[in-house]
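Chain by chain, the residues run as shown.
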Amino acid sequence: MNRSFIAQNPSVLWFIALLGLFTLAVTVGSEAFGTGLISTSMVKTLGKTLCLCLIAIAMDVVWGYCGILSLGHFAFFGIGGYAIGMWLMYARTEGIVLSSLSGQAIPSTAQEISDAIGNQIFGVVGSSDFPWLWAFADNLFLQLLMVVLVPGLLALVFGWLAFRSRVTGVYLSILTQAMTLALSLWLFQNDSGLRGNNGLSGLQNIPGFETASQADISLAFFLGSALALALGYLLFAWIVSGKMGSVIQGIRDNEARVRFLGYRVEGYKLFIFTLTAVISGIAGALYYPQAGIINPAELAPIASIYLAVWVAIGGRGRLYGAVIGAAFVSLLSSWFTGGGAPAIDLGFYTILWTDWWLVLLGVSFVCVTLFFPKGIGGLFDYLVRKPS
Amino acid sequence: MLRQFLTIFIWLGFAGMAFAQDLQPVLQTHADEIAKPSRSSVSAVLDDIVASGAPQVGDFLEHWQDKTVWQRDADGVFFFAVEGGDDLTLRDIDTGTEITAPKAGFSQIKPNGGVRRLIGTALVQFQLTDPDLSRRQSAIESIARRPNASQLEPLLKSIDPETDATLKARKIQLANFLSASFAPDTDDKVAAINSLSSDTSIEARAVLNQLLSAKQAVSADAPTGNVARVLKVGSDLSQDDAYAQLVAAKLAPPTVSPSAIRDALAANIEGGRVGGIPTAQLGTQPMREAAYAVLADQGIVPPLVTLDEQISAVAAHSFYEVYEENDPAITDAARAALDSIETRVGAAQAVDLTLDALSLASIYFLAAIGLAITFGVMGVINMAHGEFIMMGAYTGYVVQQFVPDYTLSIIVALPLAFAVTFAAGVVMERLVIRHLYHRPLETLLATFGISVALQQLAKNIFGTQARPLTSPGWLDGAWVVSDVIQISYIRIAIFVMALMFLALILFVLKRTRLGLEVRAVTQNPGMAASMGINPDRINMMTFGLGSGIAGIAGVAIGLYAKVTSEMGADYIVQSFMTVVVGGVGNVWGTLAGASLIGFLQKGIEWFNPSNTLAAQTYMVLFIILFIQFRPKGIVAQKGRAAAD
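Note that the protein sequences, when read in sequence, are chains A and B. Just so we're aligned, residue 1 is where the first sequence starts under our numbering, counting upward by one. Just so we're aligned, residue 389 is where the second sequence starts under our numbering, counting upward by one.
This is chain B alone, in the form it adopts within the complex (with noise of 0.2 Å):
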């Protein structure tokens, strides 16, 4: 044995000065391993190989990693091979030089899923200098995938040498986050992790909280080691986890369950009793702790542990978490830094959060606005108004189906949109609401009916799966300015847009002559059919326009969202509301309110972010509230126009 390991390591020596450039016989010293490398072994002789300095380690490391390096039956040799048939075409691995042989007398090299896996962590330190680009991109990635200490040294290396500043920058990044894991001095270490104080990433944050990753941990006397926090019983952590904890490091005897306790008696029943008690009287606790007090006394069972005993033994440890760096000052730079990351990041999620919550705002605007005019401005409450929002969405679906070119189907969708729910405005104003004027309530139940009538039109043309309805390229993708802070680009156009429609309408509302006769009309209709305006036709065109508004935001919501029947009744209630909330017959108002709901409903998903369902009730309910106290809205009508 030990003649065999002595004969090993001459040769190594030997291998070592003279062929210093080639690779094959450091391979042939660990050939087995080579052939059947398993995951606990391979590591040294990775290092073996690497080692050796040769240049072809890189080159040998890819090949064994694809599976291509095959070996010689007869002296096993290790070759590079191609596949051709039943005929492989090796390359030797030190001279490159090129032979032709059939398959038979030589077997392929194939290394599992775990042993490629460390093959390419040996890999990537000769990637990051490779002269391709995109390789040296993939090993930095490769490595931010799953950092370990062996790569600080190349990657360091590798920085100055890098002549792609953007890939440069992120090498440094990188190099800051293993030095602050790996660095071995702890000075190196300090300043790697203050450096990362002004790093918002996700990754930096994730660097930070692995080094201050603490365990739980419990004893009898005062806290050792680099205590993260002392836990204190009753707030920080429950009797019974405590207890728990106790029982799992050994320092107390386990609690016997309730379940326990009954498996135990009915596994001792003799005669009809159980420790001289009738099995008929063990139907409540006291009585079956009464009974295994009497086995235990028999030492059949483990003791019960009461509850005065564990509150006890608790009490007589103490329990604190504990980092597992022993280092305090690593720990303490690390909790400093994660602390000043994290109130720029709580900045940054609060900037985010008001993104998030104009566009919903925008979105709540454009939907209600057509409502806001028809509601408002007429007294005329349009329960198809949702359907009105479909109808546009469909529009711009149908209109994909001719028009392939998605940025120009949208500029015809648009104005297309308008003009067919503007004339299905009208036709709906001439044959029902203009008999129903003075009878609210009712146009809400005709308008309704109208609502189901072409819900269900809609669902049996369309069919009830969703449509999509497809934005152009230039709006996909988000507006990135940090981990943290991100906008989708389709919502910051529905957001333009929700501006461009409160300017349009607030022209035509005031510089237009149709908007001074709708004005006019609204305050009083009899004055201003005195006046000469029609109101008939104002109110038609009221509606029309209402619902043309509608139309085009069924565009810009069908974007974003699905396109279905039911679309429609999903904003329904929500525009309702925000008419009501804003106040009604304002352009102001409603912008008042889209903004309010927006926000309000933004703001209590981020106190509750798992549950929408919960943010929506609380939403409703404070909207409930809110019309108590405002039941005009935030913009109230004064004058004889708010009568009634």
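If we strip away everything but chain A, and leave its shape as in the complex, we get (with noise of 0.2 Å):
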């Protein structure tokens, strides 16, 4: 079955071995490895990339094959982050509170450390207890389990509740924005337990490797991130090519024939939404380590939106199309925003692209909407098909 799901999509052997070679090439460009080619930093950046490109197939198939435009699932990336980063802070912190107990005479008692742990974490809120969602924050398995598990809960009951009543199309679309806009405004609250505005920080610092230097670090998270894309490109691959791909895309097409021709549609729609959910939430707990930071601005409806604009910009309906679409879009929005792009000077006027860029790319948007509705993806038509 694997070897003929590969025969039958080259592409995604391409894809892998590009993505093998691309790693390859970092890593050994890296400061870890000791060329030091590749600044650690831009390491990161090119970690946090491949997650982002991990949530953009996601969507791909969520929309591209699956026909629904979700606004929402930056909010399980999202979520994703702030599960991971829970426990890194937690950890973290009582590293620091136990350090910093352990000289006095008298042990101290877990009351009292728990109280140190609360009031370091939490003082920045004015509070000192820990809120019920910390409960599972001490303990590193539970709360991976916690990346997967409330994204996909999310998703299930949000998407049960919604394909249940044949919300489709815009309206759908509209759901899924308010959905996020209901989490960030909630997460922004100080007594939502997630300290409010000033979000989880110092994510970048893993418990239990405080000697390993950064360098070490980011690469770490880099090949995590490669290999997650890897394997989610792989599942999304054979999940797409197969016969569930046919009848979500058919799905896509036309949903009314496809539920004339028996299949539970809602069945099908609420599986891609979870699972598509869940990756999403993956991804998230790889990316805000290597962010660093996570705050409640991260979910806004408008980070769901680019979201749909870089799978729209690479190519809808291919998986290859989002992870160009992302790293595309995401590494230029950088260089440009990071001021890598140098100004130009029209005499009367000069053009800051810090200032411009997001006017370019609408526009851009609004020309591969119009005129390239394949995006970059559609390119490689071209290249692979002769032109009749």
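Do not take every clue at face value.
As the list claims (entries may be wrong) - FRET-style restraints, in silico, Cβ to Cβ: (1) 198/A to 635/B: 29 to 39 Å; (2) 792/B to 131/A: 50 to 60 Å; (3) 333/A to 815/B: 55 to 65 Å.
These are calculated hints, taken from the structure and not from any lab test. For every residue, glycine included, the Cβ atom is placed at its ideal position computed from N, Cα and C.
Please assemble the complex out of the two chains, which come individually in their own frames, going by the hints.
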């Protein structure tokens, strides 16, 4: 089965090979390896980009293949980040608190340690008690389970409610947007238990690896992200190329006909929606330790819309298109906004790209939608098939 | 000593008889206190000065307060003085004759702030009957700010001679407040309290709350005094609080906190052991308490109070609140009056909340109605709708840069904003939307691209800081019905505007040729085209109309909120929800949606006023649930048009 699946989809092999080469090149060039051709911050940026590619292929499956334009997948990404961030922050603070308390004549009680940790973490929002949300924060295994379970359950409940009442098309998009909005508004509150708009910070320090340099840690996360992307790509490629792939593409093209053929459309949609949410959560859990900080602004509805933009620019309905779109736009965006692009002097006015990049992005996005509905990925069609 | 006192007394009596109209002798008896007044001693001095009854008393107190009283060092006589360079123009306090003298030899009397306030209080009774209306008003306001018992008498006396009707009413109100607090006779007090029961002002409530102020009390026996309520431990009062109260009242020994236990143990380590227990084993609370108990037995530390002891100590006492006022007749009357006021205030608050909700609903309606036309009637999702709102607001701002008169500029800005956004909408429809009519999800993304570009463009042109859109003067202020019900004129104007738009849009859609053609194209474009209607033109006009209305809404919103490049984004999600909740393709639906969301948001805010973020979260959750049960909105479309 697996052999025929790869044989049917040579693009998967190509993708894995290219990703492997890229990973190898970055590893060899990284500071951790010793050559130092690529700076640690660049390794982090590339690692984060791989995570964005992972959520982009999830978005591509749910939108490009199944036709559900979800404007809420970044919420799942953020939830994954918060879930892992809670453990990172708890464990790191615990280490600091224990080392500062160890000098005392009398050993501390469990209650005192817990109070001190709570004070460290929640002092910034004027509290010192642990909210119920943090019940499992001391356990890495349970918290990793949360990375998968919370986005999955949220997607399951939300999707079940929405698909059951046949909310489709634009309505569903707005509903998912409302979901992220509600989540980010809730997280912005100080009494949400997740430190309000301060978010969780210091996530780049991995407890248990205090002595390891950031160069090593960043490379480890880069490799982890590459592996996750490869596995995610294989999983999604397998799903969309089988019989199930045909059904969900049928749902995209004409939901009513698929339903009349006897398929349980809601079940398929719910499965795809939940699965992609879980993958988004995993991508977020890999992304935020590299970013170092997560706050509610990351979950704002605009982020999810950008996700759709990446997929559209890269090309919907093909997984490598989503990867290209996410990598291309996010790297280009950081190049432009980071001041990397040279300013253009028009004589009477100087175009500073930090100011004009968004205008360019917006306009190019309109152009892509109008003139290249297949996105950048569509160009590969010309390469593979000879233009007739 | 005694002799000195006697002479002073005799001298005082003599002065009182012979110079009833002269103030200087009275001042001389208190010369030291006047020259160097302190807050503790000045009251008696003030009482004496006022009691002298001399006509100059008010004058003197004012000068004293203003630091324009000077004392001659030679004989201690006081003068009113005006400084002029090195000289002083002195005026005799009693006769009013003026002389000029060099500053040397005189010292200025400088009472400190606390003393000046006391002087001001004594001064009030003179100002109450001052011929100048504004001084009487300021005297009343000063009484209202810091009422005290001594003001009641002069205030009552000043009511009858008062000529100004408004001020007289205010004086009567204030006299009621003062009598309720300070009247010597219980019946007077109760009568005054009863007369307050229909007064919903914050002041009246403050007076009554002051009368009803209660303090917590604890005793071993049954409650004594004018008991407000008996507190039940467990429900009204937590066990820990109750015990803390016992400790505060010295009825029980203080508890030893875990941190105090730790400190005590740490202070008594002997050879790595505390009370015979190795320190390494002290990492749990029970072990620490055991070690502490050993120390307590040795008498080194106060004994631990166990939880059982705490519970039995609390159970042996009764906890209650007792009014500061001893007379139950007065507190009962005040309670009854306050209850009656609170009922009225509750009703007034409901009215106020309704007004607030109405004004919020009209803002949502204005923001969403343009969207309802493009989204509802044409099935086109315009993510740039918010940016059209922003464009309208910036148009208003630019117009104000050229037309300085605010009223005129608003009148110019409204049609101009319509024209600008109408044009922008038509251009967008021609260039982008027209090509995407059969791909609604892509319209969403393309218009999102436009929205991002427009937002950044506005940021580049106008900067990131908020620009003011000043409303005309006649829209400033608020319509104040009472202390509770008030609504700003600008919100009323927006409400009126929303009504006008509703009427206008209904008129255009139902009574004009354009509206007929729009409805025809909406229902069946093919059929409409075969009837000679040009669907392209109609789509263009509809889109322009919807965008133009967004522009006008932008001016209205800009008048009360800030004008920034991000203001559109603030309204876009709300607007979509308004349209979706209301039901697509129907003006009445949008109205219903805006009302529902406006009232809901205000209602949730009322339950949880401190947290608007929570209110918004709950509202969004409600909307998500609402759409589950009515996916087509409040006013659902029927028939073929609803098929997709």
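**Study point:** Range hint compliance [Cβ, residue 333/A to residue 815/B, 55 to 65 Å]
**Key:** violated, 27 Å
Check your understanding: Is 29 to 39 Å a correct range for the gap between the Cβ atoms of residue 198/A and residue 635/B?
Key -> The hinted range 29 to 39 Å holds for residue 198/A and residue 635/B, with Cβ atoms some 37 Å apart.
Review point. Falls inside 50 to 60 Å, the C-beta gap from residue 792/B to residue 131/A?
Key: holds, 55 Å
In summary, the structure is inconsistent with hint 3 from the numbered list given earlier, while agreeing with all the others.
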